[in-house]
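Spelled out, the chains give:
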Amino acid sequence: MAVNPQAGDHIVKSYDEELENLNNDIIKMGGLTEAQIARSIESVIRRDPELATRVIADDELVDDLNYEIDIQTTRLLALRQPMALDLRHIVAALKISADLERIADYAANISKRAITLSSAAPVPPVHSIPRMSRMAQQMVKDVLDAYIARDVDKAVAVWHSDETLDIMYTSLFREALTYMIEDPRSISMCTHLLFIAKNIERIGDHVTNIAETIYFLVHGDRMRETRPKGNSEVETMNMSFSPDNKGDAEE
Amino acid sequence: MDTAVVEPNSDGTEAPKGVIDDRGEPMENAKIVARDVNVFYGEKQALFDVNLDIPENRVTALIGPSGCGKSTFLRCLNRMNDVIDICRVKGRIEIEGQDVYDPALDVVQLRARVGMVFQKPNPFPKSIYDNIAYGPRIHGTVTSKAELDEVVRSSLEKSGLLKEVEDRLDEPGTSLSGGQQQRLCIARAIAVSPDVILMDEPCSALDPIATARIEELIENLRERYTIVIVTHSMQQAARVSQRTAFFHLGNLVEVDDTEQMFTNPRDERTQGYITGRYG
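Chains A and B, in that order, are what the protein sequence lines are.
Counting in my numbering, the first sequence runs without a single skipped number right up to 251 at its last residue.
Counting in my numbering, the second sequence runs without a single skipped number right up to 279 at its last residue.
Hints are computed from structural coordinates only; laboratory data are not their basis.
In this text, all values refer to a predicted model and were calculated from it rather than measured experimentally.
Idealized CB from N, CA, C, for every residue including glycine.
Check each hint, because a few of them may be wrong.
Computed Cβ-Cβ distance ranges for the label pairs, DEER-style [unchecked claim]:
#1 B:ASN29 to A:ARG131: 45 to 51 Å
#2 B:GLN235 to A:ARG131: 50 to 56 Å
#3 A:ALA157 to B:ASN29: 39 to 45 Å
#4 B:GLN235 to A:THR226: 37 to 43 Å
So here's chain A without its partners, still in its complex pose:
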């Protein structure tokens, strides 16, 4: 079966096989990345430094796949001189693998902080992390499904859902800020937690990149969706440890 539902098979069968291998490696890398996020969050929730250590070590598997995809795309570009849809397929694989690699890096970062967090008493905002991470994991899963099916509508829907993740992050930021103001002894742990939340929020941003790449892959054009962007960035940047903002954070 053709990798791209938009077009039939190539006259040269080995070309189809190479494109299919590339497609399969992206899907494999996506699956591995999904698992890395799930396990990293588990290491935070279960306060499990051993699991966290394994997640950090396994990031290399994702890096290896990323390198393998770099090699495959370079080889395809040089040997097949792809055109049109095939060219976009290969360029998209290159871009998506870079986004997945970065997402997996965030999972490893989360696990690094999980090790530190597990050494101290839990701080309450940690309870918001699972909900946020479930959302991010679902986005990664959905965007991969959209990639497999070349489903632009689904990619656009995932792209829009990043807004919810941004709102969750802003909310967690406020919560953490409140705890830090009330109990300065929690500052260190709350800061680690904030970085974890920020990493999850960044995962969402890379998912939107992938959604945009899928749109380009299918249509050969730029996605022109709009949404209120950067709420969390602006809001969180305007928040500070001033008494005024304390009230704001408690809203």
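Position chain B relative to chain A; hints supplied.
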């Protein structure tokens, strides 16, 4: 001139969706305008309602599988099809507003104005000098030996051959390598000051180095001339042209900027052909 943006096919059916050609008003910088061109070889129709604008000082590539009509169309532009008895051309082809098929038109003058380079280099069995001097002599465009020398020199210069042959202009044209012979043929076409140069697979008999030299030459020539090239190499079309037209089964399927054609063509037949799915 028909001003309709989209008109029905000759059989009254709507033009198939996604078929994009240059029906209607010609583009702003069109050097050649072809409208409703139909070509027949006896009973067999080779081209169907072709509408295509060829922009000035650009390279336009005609691509498509064998027998798609691209060479037939190219040969309509300087009436090379006239030499085939059973060939009939209907429709209108204008170069700068002048009807190419006007019965009063001097075909010899037309072919000086619209030069042609063929697949296989075909120098005359004469010296390098005489190969180039031949055209200006028969057209009487030069009045003195000094002037002729200058035309030969500048034509060789423009075709990138001068440095390689300036010491041996008396040697036969056929003594040159294949790539040099092809550049000699280009110099011969240039010598009679054409506006348009047609190239029919000019590199298919050449090695990659000679091909690269011709491609570099094409890039330089387009500043002065309008170039139309027929090629089977998609990569070559992508490298040398600014505009690409895809022919299939005698129809012009799609014409667009080359960049658009090779990254995101609009017609699935174009996509199938350029990605190697055609067949």
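Legend entry - Verdict for ALA157 (chain A), ASN29 (chain B) (Cβ pair) under range 39 to 45 Å: 44 Å, holds
Legend entry - Pairwise beta carbon distance, ASN29 (chain B) to ARG131 (chain A), judged against the given window 45 to 51 Å: Violated - the Cβ-Cβ distance for ASN29 (chain B) and ARG131 (chain A), about 60 Å, lies outside 45 to 51 Å.
Inset, instruction - Starting from the hint 37 to 43 Å, judge whether the C-beta atoms of GLN235 (chain B) and THR226 (chain A) obey it. - result: Between GLN235 (chain B) and THR226 (chain A), where Cβ atoms are some 38 Å apart, the hint holds.
Legend entry - Distance restraint evaluation - GLN235 (chain B), ARG131 (chain A), Cβ atoms, bounds 50 to 56 Å: Holds: the Cβ-Cβ distance is about 52 Å, inside 50 to 56 Å.
The structure is inconsistent with hint 1 alone, although it conforms to all the rest.
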